[in-house]
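Protein chains in written order, with the numbering used here: chain A, 551 to 1108; chain B, -11 to 260; chain C, 22 to 652; chain D, 36 to 134.
What the hints contain is simulated information worked out from the structure, not anything from laboratory work. Incorrect hints may appear among the rest.
Stated by the list, open to error - Cut-off 20 Å, straight-line C-alpha distance, at most; resulting in silico cross-link-like pairs (SDA-like, lysine to any residue):
1. 1095/A with 232/C
2. 622/C with 84/B
3. 1095/A with 234/C
4. 24/B with 118/D
5. 87/B with 130/D
6. 23/B with 69/D
7. 138/B with 101/D
8. 970/A with 46/C
9. 622/C with 130/D
10. 24/B with 69/D
11. 87/B with 126/D
12. 1072/A with 606/A
13. 1095/A with 95/C
14. 183/C with 1044/A
15. 87/B with 624/C
16. 183/C with 980/A
17. 622/C with 91/B
18. 23/B with 126/D
19. 1095/A with 213/C
20. 622/C with 92/B
21. 1072/A with 99/C
22. 465/C with 557/C
23. 24/B with 123/D
24. 87/B with 627/C
25. 1072/A with 87/C
26. 138/B with 87/D
27. 138/B with 98/D
28. 183/C with 977/A
29. 23/B with 123/D
30. 138/B with 91/D
31. 23/B with 122/D
32. 87/B with 628/C
33. 511/C with 80/C
34. 121/B with 91/D
35. 1072/A with 101/C
Given the structure is predicted, the values throughout are model-derived calculations rather than measurements.
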Amino acid sequence: MSQVVNAGFPLLTATAAVPALGAVATAAVPAARRTAAKWLALAFSLATLALALVVLVRFEPGGEQYQMAESHAWIADFGVRYELGVDGIAVALIALTALLIPFIILAGWHDADPLAGSDSGSDAGRSYSWRPTQGFFALILMVEAMVVISFEATDVFLFYVFFEAMLIPMYFLIGGFGDRAAPAQFAAGTAGGGDEAAATQRSYAAVKFLLYNLAGGLIMLAAVIGLYAVTADDLGQGTFSLQQIVQARASGDLDLATGTERLLFLGFFFAFAVKAPLWPLHTWLPNAMGESTAPVAVLITAVVDKVGTFAMLRFCLQLFPEASKWATPAILVLSLISIVYGALLAVGQRDIKRLVAYASISHFGFIILGIFAMTTQGQGGATLYMVNHGISTAALMLVAGFLISRRGSRLIADYGGVQKVAPVLAGTFLIGGLATLSLPGLAPFVSEFLVLVGTFSRYPVIGIIATFGIVLAALYVLVLYQRTMTGPVKDEVRHMPDLRIRELVVVAPLIALLLFLGVYPKPLTDIVNPAVDHTLSVVDRHDPKSDVEPVRETEAAK
Amino acid sequence: MNAAAAYTTSTGEAFQFWVLAVVAVVGALCTVLMKKAVHSALCLAGTMIVLAVFYLANGAYFLGIVQIVVYTGAVMMLFLFVVMLVGVTAADSLKETLKGQRWLAAACGLGFGVLLLAGIGNASLTSFEGLGKANAGGNVEGLAALIFTKYVFAFEITGALLITAAIGAMVLTHRERTERAATQREQAEARVRTGKQVPPLPAPGVYARHNAVDIPGLLPDGTTSELTVSETLRARGQIRDVSGEALADLAALEQRAEARLGRIERAEEAGK
Amino acid sequence: MENLIGLLIAAPLLGAAVLLCGGRRLDRVGHWIGCVLAGASFVIGVVLFAHMLALGGEERTLREHLFSWVPVGGFQADVAFQLDQLSMTFVLLITGVGTLIHVYSTGYMEHDERRRRFFGYLNLFLAAMLLLVLADNYLLLYVGWEGVGLASYLLIGFWQHKPSAATAAKKAFIVNRVGDMGLSIAIMLMFTTFGTFAFGPVLASTDRASEGVLTAIGLTLLLGACGKSAQVPLQSWLGDAMEGPTPVSALIHAATMVTAGVYLITRSGAIFNASPDAQLVVVVVGAVTLLFGAIVGCAKDDIKKALAGSTMSQIGYMILAAGLGPIGYAFAIMHLVTHGFFKAGLFLGAGSVMHGMNDEVDMRKYGGLRTYMPITFVTFGLGYLAIIGFPGLSGFFSKDKIIEAAFAKGGTEGWILGGVALLGAAITAYYMTRVMIMTFFGEKRWQPDAEGNEPHPHESPKSMTIPMIVLAFGSVFAGGLFSLNEAFVKWLEPVTSFEHGHSPLSAGAVTGATVAVMVIGVALAWAQYGRRPVPVAAPRGSLLTRAARRDLLQDDFNHVVLVRGGEHLTRSLVYLDHTVVDGVVNGTAASVGGLSGRLRKVQNGYARSYAVSMFGGAAVLIAATLLMRAV
Amino acid sequence: MNPVNYLYLSALLFSIGAAGVLIRRNAIVVFMCVELMLNACNLAFVTFSRLHGNLDGQIIAFFTMVVAAAEVVVGLAIIVTIFRSRHSASVDDASLMKL
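Starting from the given sequences, assemble the full structure and let the hints guide the process.
As structure tokens, this is what we get:
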């Protein structure tokens, strides 16, 4: 074990524990004090952000791979340890999570207020015991806690536990808190009927989400147990510790039979591919994102799904290098399909949120492509991509949420000419969209180009095909913008108010961040690069050399 | 003599076995197949008596007696009482309601029987001591010795079980009257309020020759009135309708009266 | 001195930021902020120019390294600038013309309530364009490349309440994206080949790479150039781009942005020199576009669309020249600059006309305007003479040189290219004369429009006429100045390595031919439009005319093949996703549900059937044990 | 004669009783069949005790009788109660387990 267990303050545990405490505290707020609950949740999320920043600062990129490690025995009989540790990738993603949650909470400020008007009657009856607001924010914080700890876990079993537990709060967030847009969307029937239909849609989406991920999780569980058995056979005493296993494999104490390794790899990969999601396991995402409120949708795609891609980097590649190489071609093809397929479907959508969802599928295709291209640029780009995609999708989706909450419809066709009446909203929406189509100067461009270059340098054909994705991205984003924001002003949107202060506070920092990371991503790359190099050394793949040695600047200047 | 009967299966016992075994099996089959519960009960009683005999033949004298006394005597009578309570003549239709139940049941029974027989056939039952030594000090004493030494706890527990069962039975069957019984006045008022059958029910038909509660009385037009028979009998369909023969008797009576009057007239003519 | 380069970009960028984030309170002064910052950037450009002149020809390349942008493994992208003679030329053109057009716009956009945002976009464009020409590596160039694309998107769609404008903007961006795809692939190729994509190393080490790779790079670069410079087959967007305000058409879609492709090819000259095949494709594309644009220009009645066709064709000349290699680069750039002057002037003139005619664009509704707006007439006329290559005006010098170089390509190629160039010159003369006559000569043909308000043609305000005058000067004298003992060629030589072409025809002969075809073209146009009155309703026209009115059916092709096909593809995919991919999952779920539903019936609640199952189970168990024993 | 025949007989009776339990619907008859099965067992016990020459078999049979008596008592009580409540002694009528 080359890691020093720092006896000092357990920073990582704290980072995960604070939001958990926050969840409990928020849930405990009495029903009448809704606003108090909101502020409490916001405070806790900000505290988490502070902690995450401390982690970010205290992390030395040059240092050893896993830092601020903590390790305690948990279930001694099965060699399960409570083992935390962060490498550059994890640090970046924890920072992203902690950063996004406050915005999500702010954006969802009114999403969980008990509905006025239509069902206030029934609400008044329950208002003593019925506490949707507290529940909403508590669940969000709970998700944050679980995501953070699964970014930190270096023990496979520990990771698995939280990877699965995450589903429970997500399930309730999706199924329990629908879009305020729903009734108006079913304007054909009465609002009540609309509510009805929306509710069924919602529960369908939630159940679908749950079943998909549970299926993946179960297969992974089998693989986890298998891994334990193998280690128990070879090392004498079974273990789940990532570092131990990696070292054992490096030193040759633990050598898996090819078949076994491949099966285990597939077991792990399947779960992550569902979560990521990778074609053809993606169909849960559009329903989930379409039916849930915009903040929750952001939570799904920007935070929770990242666990999947992150786990591919940390577990699939490091635990099963050989199998990863073996599976690479198939996975590359799948991710390629995801890129093109997702983009094409996004073009074909009539529903704003589903459009963003399919766009995300396309982007996840890029991320996985980068991971399995097995080049420094590819994996570095993929990691940046996780962060940037989180921010850009958050920006786009949250603004879309504001838009939807104003008009009360998710259908693109119901909008038009918004730019005229709400220029700021339209502007922010456009910037979010441009980030999504990875315009240079905005953060996603850097990561996308890195992924493309990284892929191209090893698999030129795949790289070229993936490049079509950028054209399609332009297509769906601009079509969306044109249909909603430009053209003659529709009567329904004529009196649409522009962004309010709260909403600006949500969007402006995200956009600023997008610009900053687009112009000066170096801080991020410095953190990420060592981790990526380490991963690649485990897999032992090295960047292909350039064909010719270029003339250096000095002679070039002649 | 019983000692001898204990360990040599004499031809007499064989004869007895073959005859009674048939009886027992037939009885068992009837128990299952009879339409009316009463008949089943009686057939079962017969089978049990046969079994008692077999016990005796097997040297279990005490059990044989107990079998007759407890089973055939007490248990079966209990059964009969319950049958009476429920209704002797209430025959349950043999039409099967559950699809395929009967065939499944038959198959199970048959298969099970085959299995048992096969098992016994395969079992290596070579040893055959007979109860000579065991029953040397008398069968009852032998049992007593075992019961009060080796099986004493089991014995005590079965005692407790019996008591519990008795109490349980009482608790189950006893019905506490929760509300006050209606007084006669209240009943009368209720009758008046509902407005049907205000006066007492009419008495059953009573004739010189018939005097029974199961005969309905006749209405003036000669038809019978169901009301006059207690509803329990009505429910069991045990109403004896004798109105027909009653009318016939009436006719005969009148004719005879005619004849007598005629004779009287003839006697007057002779007197002149 | 070097660190002024950053300021060059920073000034307009600042302007864009201030104007776009500033909010309403800047509405009154916004346009002036825009002009001042554009002007500032021009001044900086001039200062740098002076500084550069002071230096010797060799060390005239100024560099500024700001910071390392994306360092990942071998992938080192810096934010660094390189200002050499080529970039300098562009900087002056962009900032100069840009500033003029800013000033012009203050008048042109006076009555638009979103004028502030308009100037914000214009500044944004300047910044991006400067970044494009100042970048010292291809990735940074790509940033500028897409940046100008964005600015053009925003400006084309500036009047976005018009669906046509919004659609045109979208179309422009997406078609450009196709080109950008080519450019990005080129960058990837460079990275995998050379391990870098900075101009210096890449261009210096072309001799070490295989020709196949270089051809691939060249072709992908050309694809990018086609997108940005509206060359066949990616030219379809330029015509629609005229939906934007006229200053935009003048600045972006005539003078600067659309010439970025020429810059790219010239800048990557070393790569093309090393791969004749790529060069051949370039000249072919140039020649085809040259004719294509010219023909389209002949048929359009919309004055701006006619000018757009002309732009396309003129850029075709430049691409053609650039494709000729060292003998053409300098002339390509020279024509680019002169074209920047006169085409901007023409567009501003057209804008001024529209300004006076209630934004009427149909030339058939003009006529005889020379008396109503004399200044416009004169400036427009000078631009006209320049573009048709009237001897002594700037267009003459640059175009003449290109035609000469085309002949100098040598062999049949040379003859063909030269012939095409000459033909193009003739057609240019024809359609420009047509525009001129239909607009300014003949009797007035305008009628009251739907609301019945008669247009009252009037001269535009000073703010608009002054820039037109300045540009007119440029279009008259620029060519001459540049050609004084080949000043321009010498100026560019260190960058683009000039060599004299050996034309089979003598220079004099070429010149004579050029003038001759020009006269023929003018004469034809005069015969057709000058002698008899122009019908207000467009005649049906020949097949070619009708095709040309529809951009030679290129849009129809796109619509049928790409748009319609794409729609079908996406729709079928959506269906597929719903039925097949999702259907599998839902099917499984449904089957499980059905099975359990059937199993539920076993629990019928009848004690006897439970008893049967128990008893049967017991029987099975016994049988099993017996069998075990038996075995 | 071989006393094993007693065992065969008991097996036969047991099967018949079992079939009866499954077939009949009248709760009383069902009980009778249960009794029949118990008796068959008893016969087997008794026979075994004779075969093995000790009395334990008889003891067990004795206990069986006791338990059977208890069972009959409670069972019949239950039947009576059910009959009171729903005027039927058919086991199928007591099918409240059905959903």
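Now for the hints, and whether the structure bears them out:
no.: 1; hint: 1095/A with 232/C; in the structure: holds (19 Å)
no.: 2; hint: 622/C with 84/B; in the structure: holds (18 Å)
no.: 3; hint: 1095/A with 234/C; in the structure: holds (16 Å)
no.: 4; hint: 24/B with 118/D; in the structure: holds (17 Å)
no.: 5; hint: 87/B with 130/D; in the structure: holds (15 Å)
no.: 6; hint: 23/B with 69/D; in the structure: holds (17 Å)
no.: 7; hint: 138/B with 101/D; in the structure: holds (17 Å)
no.: 8; hint: 970/A with 46/C; in the structure: holds (18 Å)
no.: 9; hint: 622/C with 130/D; in the structure: holds (14 Å)
no.: 10; hint: 24/B with 69/D; in the structure: holds (17 Å)
no.: 11; hint: 87/B with 126/D; in the structure: holds (16 Å)
no.: 12; hint: 1072/A with 606/A; in the structure: holds (14 Å)
no.: 13; hint: 1095/A with 95/C; in the structure: holds (9 Å)
no.: 14; hint: 183/C with 1044/A; in the structure: holds (16 Å)
no.: 15; hint: 87/B with 624/C; in the structure: holds (13 Å)
no.: 16; hint: 183/C with 980/A; in the structure: holds (18 Å)
no.: 17; hint: 622/C with 91/B; in the structure: holds (19 Å)
no.: 18; hint: 23/B with 126/D; in the structure: holds (16 Å)
no.: 19; hint: 1095/A with 213/C; in the structure: holds (8 Å)
no.: 20; hint: 622/C with 92/B; in the structure: holds (17 Å)
no.: 21; hint: 1072/A with 99/C; in the structure: holds (11 Å)
no.: 22; hint: 465/C with 557/C; in the structure: holds (10 Å)
no.: 23; hint: 24/B with 123/D; in the structure: holds (14 Å)
no.: 24; hint: 87/B with 627/C; in the structure: holds (11 Å)
no.: 25; hint: 1072/A with 87/C; in the structure: holds (13 Å)
no.: 26; hint: 138/B with 87/D; in the structure: holds (18 Å)
no.: 27; hint: 138/B with 98/D; in the structure: holds (13 Å)
no.: 28; hint: 183/C with 977/A; in the structure: holds (18 Å)
no.: 29; hint: 23/B with 123/D; in the structure: holds (16 Å)
no.: 30; hint: 138/B with 91/D; in the structure: holds (10 Å)
no.: 31; hint: 23/B with 122/D; in the structure: holds (19 Å)
no.: 32; hint: 87/B with 628/C; in the structure: holds (14 Å)
no.: 33; hint: 511/C with 80/C; in the structure: holds (15 Å)
no.: 34; hint: 121/B with 91/D; in the structure: holds (14 Å)
no.: 35; hint: 1072/A with 101/C; in the structure: holds (15 Å)
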